[in-house]
Amino acid sequence: MTFPHRHLLGIEHLSPADITAILDLADTYAELNRQPQKHGDALRGLTQINMFFENSTRTQASFEIAGKRLGADVMNMAMQASSIKKGETLIDTAMSLNAMHPDLLVVRHPQSGAVDLLAQKVNCAVLNAGDGRHEHPTQALLDGLTIRRAKGRLHRLSIAICGDIAHSRVARSNILLLGKMENRIRLVGPPTLMPSQIDQFGVEVFDDMEKGLRDVDVVMMLRLQKERMDGGFIPSEREYYHRFGLDAEKLAHAKPDAIVMHPGPMNRGVEIDGTLADDINRSVIQDQVEMGVAVRMAAMDLLARNLRMARSA
Amino acid sequence: MTATLLTNARLIDPERGLEFPGSLLVEDGRIAAVMEDPAGADAASARVVDCGGLHLAPGIVDLGVKVCEPGERHKESYRSAGLAAAAGGVTTMVTRPDTDPPIDNPETLEFVTRRAKEASPVNVVPMAALTKARAGREMTEIGFLMDAGAVAFTDCDRVIADTRVFSRAMTYAGSLGALIVAHPQEPGLSRGAAATSGKFASLRGLPAVSPMAERMGLDRDIALIEMTGARYHADQITTARALPALERAKRNGLDITAGVGVHHLTLNALDVADYRTFFKLKPPLRDEDDRLAVVEAVASGLIDIVCSMHTPQDEESKRLPFEEAASGAVGLETLLPAALRLVHADAVPLAVLWRALSLNPARRLGLPGGRLSAGAPADLVLFDMNAPFVLDRATLRSKSLNTPFDGMRMQGRVRATYVAGSQIYEAP
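Quick note, the sequences are listed as chains A and B, same order. According to my numbering, the first sequence is numbered sequentially starting from 119. According to my numbering, the second sequence is numbered sequentially starting from 161.
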C-alpha cells in the first residue's frame, strides 16, 4: 500500500486510490479499537505534537488517542495561550517546534491556508486538523468511512450536505472527497450560506430542504458556525430551524434507510432536532466519532511509513 | 551642457501614436529635435550615441508609487525606489501618501520632497492625502498642499465611506482645480475580503468580495463628479462590469480618467494558487474574463493609465496566513517587461501602451514629460523589447522584494534611462 504524500493538508491533492488506501487501513484500526487490548506500534518512537490555534475538544482528543494507541509520544499545545499571544509569528513558532524534531505535526488554525504555509517550513509530516474555511481532511475521511460502513459502498450514493456551507471547511473537504468517489452531491441551505459559484463544483444546489432531501441516501448536517459569522446571514435561529433544521418530517423525504450525520458539536434545536440526533436507527453521529480515531490512526500510520522510508533512503 | 545625438533608434511617439526609425537631439536637458532619419542631422559638437536599433521612448510616468518614507524606510527609501525606477525606465514617480504617518500636511510633504530631491535620481512628484490621517472625516489643507507641490489628492486604497465628507472634499478640491485620485470600491461589501468571489475563492475558503463592489463604488463616485464638478481619476479599474459605467461617464463629458495596475493586466485570481501571498493585491486579482476586458479597455483607450502600483512589503508582512498578509507588490522594475507582455501577445500596440505609460499620466497631472517632441524634457528610456530573461527577485533594486513575477519568464529589458538629458542608468 503506497500513499504518495508527505503531508495530509487537504482532500484536494488526494486521488481516489489514496482515499481508499486510508479507509481500508482505517477499517482494520476500527477493529483494533474495539478490542480490549488496543495498542499498535506503528508510531513507536515518534513524537506527535498537536498544535491547536483554535479551540477544539473532540478533534484534539481524537488525534491524541489515535497517536497514543499507535505508540507515539503525544504532546498537546494550546496555542491560544502561548507565544502567539506574545506576538510570535506562525512561521517562527513552526520553526521553533521543528527544531525539537517532531515527526508528526497536527495543526488546526483559524485562517485558510495557514497549515499549508506551516507545512512549507518544517521537515516533519503535517496533518491539517482544520484551517479556516478551507479544508478538514480527516473529517471528510471519517465521514467517508462511516458512510462506507453504513451503506456498504462509497460511490453512486446520493448525499445531501445541509446548512452553513459558506463557513464550513467540513463541507469543502466532503464535496471534494465525495465528488472524487463519484457520488451525487446536493447542497441544501439558504443562499446567504452558499459560497459563490459553488454550482461549479459538480454539485446541485437547493434552497428548499424538502426538495433537496428527496430520495437521498445520506443526510449530512453542518453546524451553524455562529463564531465565523459577522452578522446578518440568517434572520433568526428559529426561522433557520423551521426552514433548514433537520427533523423527522423533513427526513421523511429522504430514502427510508437514509442515514443522518453531523460533524459535531451540534446545536440541538438549531440545525438538528435533538431526538433525531439520538435516534440510533437513523443517526450515525456516534459512529462518526468512533471512525474519527480509526481514520486518524490510519492517516498518521501512512505518513509515518513515508517518513521512515525517506529517512532510511 | 553639451548636446547628445541619439542615433539609430526606433522612436515611440505616444502623442501621434507612431513608432518609427529615427534619431533624437538632446540639448540642455530637453529634446531639441526629433528626426525621422536614423543617422540624425549633422550636429557638429554633439556627442553621438548609437542606439543600435532599439526602442527609444519618453520615460514612464508611474502614477501611484509608494515610497515608505516617512515611517518605514526599511521597506523602501527614496534612494532605493529611485534606483529601481531608473532601472525600470520610470523617469517620474508620482508618489502616494499612504505612509506612516500619512502625507496629510504641508510639513510632511516638504520633508518628503526634500528627501526625494536628495536621494532619488528620477523625478518625484508627490500626491497628498485627501483627508486627515486618511481617516475619511476631515479634508486636508488642499490649498497649502498644492502650494507645497502636491499634484493630486488621494486616500489611496481607503474609500471615504461617508459620502457627505467625500462630496465636500470634491467640491473644495474642484474649486482649486485639484485632481482627486480615488479607489472605487463599495466599502461594506469589500470589508475583510482577501480575494475576488468566485470558484477559486470558494475552493480556498477565503473571504471574498464580489467584483460588483468596484462598479458600485465607481457609480457612486461618478454621481459625485456630476454633482461637484471635481476632476477625478479612478486609481484602478479591474473588472469588466465597471467599464460601461466609465465609458458612459466619459461620453457624458465628466472630467474622469481611469488607471489600472500592471498586475491586474497580466495575472488572474488563479495565480494565487496555494495561498501565495505575493499575489495578494488590493483590489484582489480578478477572473480571466475581467483581465481580458481590462486589457481591451487599455487598447481602446477607455482606461487611460497603466501603472505599477508599486507597494513594497517586507517578508514579515507577507510570510503570514493569506488573510493576515499585507497586500501589494513591488513593480517599478517589472512594470515595463510585464506591460510588454500585452504587446507581445498582440493585445495592445506598443504606441498605444506607451500613451498609457507616459503621455496620459503626464497630461492628467499637468507634467511636462511623457512626450517625444521638441521642447519636452529629455526624460527617456532606451529598451530592447525582445530581450528575454527570467526574473530573479534577488536582483531587484527595491528594498522590498515582494514581486509576483519571481522566476517567471519575461521579455523586454531597459538598456538606458535618461532624466533631463543625463544618463542615470545603464544596463549592466
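Simulated from the structure, these hints should not be mistaken for lab results. Some hints here could point you the wrong way.
Straight-line distance between alpha carbons at most 27 angstroms, and here's what the computed DSSO-like set of lysine-lysine pairs gives [unchecked claim]:
1) K344/A with K359/B
2) K239/A with K156/A
3) K359/B with K329/A
4) K373/A with K344/A
5) K292/B with K277/B
6) K442/B with K292/B
7) K442/B with K410/B
8) K373/A with K298/A
9) K269/A with K298/A
10) K329/A with K269/A
11) K359/B with K298/A
12) K277/B with K239/A
Practice task
Compare the structure with the hints numbered earlier in the document and write down the numbers of the violated ones, lowest to highest.
Solution key: Checked against the structure, the hints that fail are numbers 2, 4 and 12, while the rest are satisfied.
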